[in-house]
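Quick note: the sequence shown uses my numbering, first residue 2, plus one each step.
Take these hints with a grain of salt, some might be off.
The following label-pair restraints were derived from C-beta to C-beta distances [to be verified]: (1) A102 with A66: 10 to 20 angstroms; (2) K101 with A66: 12 to 22 angstroms; (3) A93 with D166: 31 to 41 angstroms; (4) R167 with P107: 30 to 40 angstroms; (5) L164 with M116: 13 to 23 angstroms; (6) P107 with N165: 29 to 39 angstroms; (7) G69 with D156: 32 to 42 angstroms; (8) D84 with K128: 11 to 21 angstroms; (9) K128 with G69: 33 to 43 angstroms; (10) I96 with A66: 15 to 25 angstroms; (11) T103 with I150: 18 to 28 angstroms.
Simulated crosslink set (DSS-like; lysine-lysine; CA at most 30 angstroms straight-line) [claimed, not checked]: (12) K70 with K101; (13) K128 with K154; (14) K101 with K128.
What the hints contain is simulated information worked out from the structure, not anything from laboratory work. Cβ coordinates follow ideal geometry from the N, Cα and C atoms, glycine included.
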Amino acid sequence: PTQPTRPSGLKQAVLSGAQVPLPFWAHSFSLPNLYANHYLVVMLNGLVLIGGKSTRMGTEKYQLAYNGKAQYLHVIDLLTEIDIPTYVSCNAQQIDQIEKATQIIPDEYQAIGPMGGILSAMRFNPKASWLVIACDLPLISSNTIEELIANRKQDADVTTFQLNDRFFETTYSIYEPSA
Numbered sequence: 002p003t004q005p006t007r008p009s010g011l012k013q014a015v016l017s018g019a020q021v022p023l024p025f026w027a028h029s030f031s032l033p034n035l036y037a038n039h040y041l042v043v044m045l046n047g048l049v050l051i052g053g054k055s056t057r058m059g060t061e062k063y064q065l066a067y068n069g070k071a072q073y074l075h076v077i078d079l080l081t082e083i084d085i086p087t088y089v090s091c092n093a094q095q096i097d098q099i100e101k102a103t104q105i106i107p108d109e110y111q112a113i114g115p116m117g118g119i120l121s122a123m124r125f126n127p128k129a130s131w132l133v134i135a136c137d138l139p140l141i142s143s144n145t146i147e148e149l150i151a152n153r154k155q156d157a158d159v160t161t162f163q164l165n166d167r168f169f170e171t172t173y174s175i176y177e178p179s180a
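Using the sequences and the accompanying hints, generate a full structural model.
In structure tokens, the structure reads:
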């Protein structure tokens with residue numbers, strides 16, 4: 002695959018040969034930063050996005066069972082297996098439907114899609130990095146999570162996958178505090 006074009010001044014790292022079911026490439030990118038060579042290890046939290054309305058599907062996507070349990074619980078299990086503290090981002094109507102032991106970050110921003118959950122998490126803990134995974138990715142695996150983490154660049158704003166040299170997978174990414 003060819004390298005996608007990028008605006009000048011952005012940093013990029015490409016991961017080839019990712020073991021995922023679709024042709025992805027991981028990218029890290031950031032705005033120029035005066036402190037790029039001086040950063041500390043930042044805590045990585047997991048965030049499972051479930052706050053959507055599921056209007057096209059007609060049923061709550063996060064409750065669908067692809068791996069013998071509700072998909073959001075499967076993603077939580079994948080993240081806790083590798084010792085990542087994990088939270089669920091949900092809208093107010095979903096809070097009572099979530100497993101009691103689950104750590105919840107209610108969506109503070111309505112009607113802006115997945116970004117509302119990401120912004121809510123970043124407001125909840127602005128010093129942490131967030132590994133964001135949407136609940137509607139049934140083929141997610143511990144291998145792809147570990148590969149994304151292994152290629153994380155803390156001096157970048159975001160580390161993500163790219164599909165077909167065009168689309169960035171913004172709901173399966175690591176967002177650093179600088180984002």
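Looking back at the numbered hints, which does the structure fail to meet, lowest number first?
none
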